[in-house]
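**Q** One letter stands for each residue in the lines below.
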Amino acid sequence: MSQIALNHEQETEKRSFDELYELFATDVLRVSYYYLGNREQAEDVTQDVFVRLLINKPDLEYGKEKAWLFKVALNRCRDLWRSAWIKKTILGHPGFESFPAPDELNRMTEDIDLANSINRLRPEFKEVVLLFYYQGFSVSEISAILDIAEGTVSSRLSRAREKLQKDFKGDEKP
Amino acid sequence: MNKLERLPEYTDSILHGLTADQALKHRILKEAAEQPKKKNILLFHAVPILCSMIAVLLFAVVLLNELKPVSGSDQGEMTVFAAGSNQTASPETVYSFEEIIKEIDSKTISRIEFVNGTVISEPETCAVLFSILKDKALPVDNQDLPESAVMTIAFSDGSSIQLESYPPLLTDGKKVWTCQAFFDAINDLPAGN
Chain P
16 MSQIALNHEQ ETEKRSFDEL YELFATDVLR VSYYYLGNRE QAEDVTQDVF
66 VRLLINKPDL EYGKEKAWLF KVALNRCRDL WRSAWIKKTI LGHPGFESFP
116 APDELNRMTE DIDLANSINR LRPEFKEVVL LFYYQGFSVS EISAILDIAE
166 GTVSSRLSRA REKLQKDFKG DEKP
Chain Y
-6 MNKLERLPEY TDSILHGLTA DQALKHRILK EAAEQPKKKN ILLFHAVPIL
44 CSMIAVLLFA VVLLNELKPV SGSDQGEMTV FAAGSNQTAS PETVYSFEEI
94 IKEIDSKTIS RIEFVNGTVI SEPETCAVLF SILKDKALPV DNQDLPESAV
144 MTIAFSDGSS IQLESYPPLL TDGKKVWTCQ AFFDAINDLP AGN
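Line order of the protein sequences matches chains P and Y. Residues in the first sequence are numbered from 16 upward in steps of one, following my numbering. Residues in the second sequence are numbered from -6 upward in steps of one, following my numbering.
To be clear, the hints were calculated from the coordinates, so they are not data collected in a lab. The hints are all genuine.
Simulated pairs of lysine-lysine, DSS-like, Cα-Cα distance not exceeding 30 Å: (1) Y:Lys23 x P:Lys29; (2) Y:Lys(-4) x P:Lys79; (3) P:Lys79 x Y:Lys23; (4) Y:Lys129 x Y:Lys95; (5) Y:Lys100 x Y:Lys167.
Start from the sequences, fold in the hints, and give me the full structure.
**A** See the structure below:
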């Protein structure tokens, strides 16, 4: 089959709910968890996103579904984060709990440090780091997902890297 | 920033146990199935609330109308008596033609205006015109009339009366009257009066 024919077939193909859930639900859940630091809330966000997918039935192009799912998920995370802001400020931000595989318990101190550092970033920095480094979206794709200029995405990524660098250096100190 | 570039790998390691499982999927499917019901419930609540609000608004409008003075004829106050035979509690008091004549008879006319811009502002001329109207107006059979030509008779106390006028006809909204002499007299007036 020629490349053109293959592309045309992909353009007209629509992924089912089951396929989209299998492909992206865990990613949505984990990014939401990074964002909120709370498993129940992350599951609620994932539920909201996929319920909206089922109810609204958006006309998503093949290959663009993931961006739509993350756009909805991050909007929901932001709402929850804002509504819980006072509680967090008074009670303190919840610690980042890990859910490791049983055989990896001993070798993940460094991983948890990184996760904690990301978790401590402000939401606008956390979003770009997770979308760029964890989910592999390009700067232009992130710009579309977050409705911000590409320059803003680049600048936030750069500032987030600086903050994380400082955080890592702080951790390295004896 | 090697650490960041290895974020997917790290995440798989530390969040290995955090996966979107079948239980979550069932929750989603169940929630999605219940959504239309929720919309109906919301609608069910919205309808009586909306009806109550409309009822309160209507009640307020009726109450305000009831409280409005039927007519205000204090010095300097503009009171409009619209044509028509049924007296109601609306802001404009509606009088029959006979009542209008009676009203005019009891007051001093200061000005007569027509919707086309003609204004008669000489009180003596107005008094003569009114006496013609009072004496020579005759009721005629109802006829379909347009609603655009209005004659306003203003009094020295600040109140005024409006009549629909279509030479040689006048109407109080129910009965139609003819008074050719009245309109002839207006036409014969010198310009500028």
